[in-house]
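Novice: One-letter residues, chain by chain:
Protein chains: 2
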Amino acid sequence: MRVLIITADGFEDTELICPMYRLREAGFQVDIAAPEWGEVTGKHGYHVSANLSLDDVEPASYRLLLLPGGKAPALLRETPKVLDIARAFAADSRPIAAICHGPLILLSAGLIQGKKATGYKTTARKLEAGGVMYEDSEVVVDGNIITSREPLDIPAFMSEIMKAIAPAQD
Amino acid sequence: MRVLIITADGFEDTELICPMYRLREAGFQVDIAAPEWGEVTGKHGYHVSANLSLDDVEPASYRLLLLPGGKAPALLRETPKVLDIARAFAADSRPIAAICHGPLILLSAGLIQGKKATGYKTTARKLEAGGVMYEDSEVVVDGNIITSREPLDIPAFMSEIMKAIAPAQD
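First to last, the protein sequences are chains A and B. Note that our numbering gives residue 146 to position 146 of the first sequence, counting from 1, and the numbers run on in steps of one. Note that our numbering gives residue 156 to position 156 of the second sequence, counting from 1, and the numbers run on in steps of one.
Since the hints were derived computationally from the structure, they do not count as laboratory data. Worth double-checking, as some hints may not be accurate.
Stated by the list, open to error - Okay, derived cross-link-like pairs now, EDC-like style, lysine to aspartate or glutamate, Cα gap no bigger than 16 angstroms in a straight line:
id : chain 1 : residue 1 : chain 2 : residue 2
1  : A       : Lys-115   : A       : Asp-142
2  : B       : Lys-163   : A       : Glu-128
3  : A       : Lys-163   : B       : Glu-25
To be verified - Which chain A residues stay away from chain B? Per the calculated CB distances, all over 10 angstroms, these:
id : residue
4  : Met-1
5  : Asp-55
6  : Val-57
7  : Leu-83
8  : Ser-108
9  : Arg-125
10 : Ala-129
11 : Ser-137
12 : Met-162
The beta carbon of each residue, even a glycine, is placed where N, CA and C say it ideally should be.
Use the sequences and the hints to build the structure in full.
Specialist: Spelled out as structure tokens, the structure:
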């Protein structure tokens, strides 16, 4: 069972690290992709090893795409390969989870227009202007897309993520 | 269902924040106690609100005591009230979890002498000199005491914590 996190320097540290640990606790292999393979550094100085470059990503291998926030999404949403990967997850109806500034990547990929979503408070106008039905809630689920606002929402965010990626029950 | 984290300024941010979010996700109310009520600041600059001072803590109210690491344990292990609280959990056979430098608090409280435990690598000699059977493992469980070494061990640490505090099965 594998899940994918896409990030870059300037990520919000806890929005990457806490979900990464939570997913590992549940037995998932967590791959981390960045524009370049190697170490990425968060806003608060944590270093995380990106074991993949974006070019190495095979979306069909993963049960989930997770997009942490911070400053990384500003770069990532301008990166065509990131948008292609997100669209590949959406095309297969695989879960995509984004928090804080992460939902802006989904906006750039054209994946949340006309859908309910949330994001960091300063992104609300941009999301709404792009056609998103913005909700000021700790977590919003619309189809396969799960969004949250900020680090304090991580418990609700992870709760919905774990439901979305739970193995099918017989 | 309530759990208690005891900390102070200089905590290892992810060792407090990731378990706090994980426990909230599972539906626990997480109380945070510090020498003084109010904001505490981690090594990496995260601020967390301590809703209790040490003097306000009633150990019998909690299902778990969690002791994050970082620089906070150096102060806390010299604080008699902290040692009294830890001993109260142990006397009732309530789970105690400590990571990184946190196990040194349990050493000062006399709770892990003769037991298996782990902790941050630089604490190994001190723990062994104090009579602990140190193991270099991601998580060590001996009776009601759960210990881990460092942030990367958080998935294994939380997995054992969740087992220890799961509601009794009928």
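Novice: So, for every hint listed, does it hold in this structure?
Specialist: Hint check results:
Straight-line distance between C-alpha atoms of Lys-115/A and Asp-142/A comes to about 7 angstroms, which keeps the hinted pair within the 16 angstroms bound. For the given pair, Lys-163/B sits about 43 angstroms from Glu-128/A by alpha-carbon distance, which is inconsistent with the 16 angstroms threshold. Simply put, Lys-163/A and Glu-25/B have alpha-carbon atoms about 12 angstroms apart, close enough for the 16 angstroms limit, and the pair holds. Once the 10 angstroms rule is applied to beta carbons, Met-1/A is consistent with being away from chain B; the minimum gap is 14 angstroms.
Separation of Asp-55/A from chain B is adequate, the least Cβ-Cβ distance of about 27 angstroms exceeding the 10 angstroms criterion. Distance check on Val-57/A: its Cβ is at least 23 angstroms (rounded) from any Cβ of chain B, clearing the 10 angstroms threshold; non-interface status holds. With 10 angstroms as the threshold on Cβ separation, the claim that Leu-83/A sits away from chain B holds: the shortest Cβ distance comes to roughly 29 angstroms. The claim that Ser-108/A is not at the interface with chain B holds, since no C-beta of that chain comes within 10 angstroms of its own (minimum 28 angstroms).
Every C-beta of chain B lies more than 10 angstroms from that of Arg-125/A, the closest at about 27 angstroms, which supports listing it as non-interface. No beta-carbon of chain B is positioned within 10 angstroms of the beta-carbon of Ala-129/A; the least distance is around 31 angstroms. For Ser-137/A, the condition that its CB be more than 10 angstroms from all CB atoms of chain B holds, with the nearest at approximately 16 angstroms. Some Cβ of chain B comes within 10 angstroms of the Cβ of Met-162/A; the nearest lies about 8 angstroms off, and the non-interface call is violated.
Taken one by one, the earlier hints fail for this structure at numbers 2 and 12, listed in ascending order.
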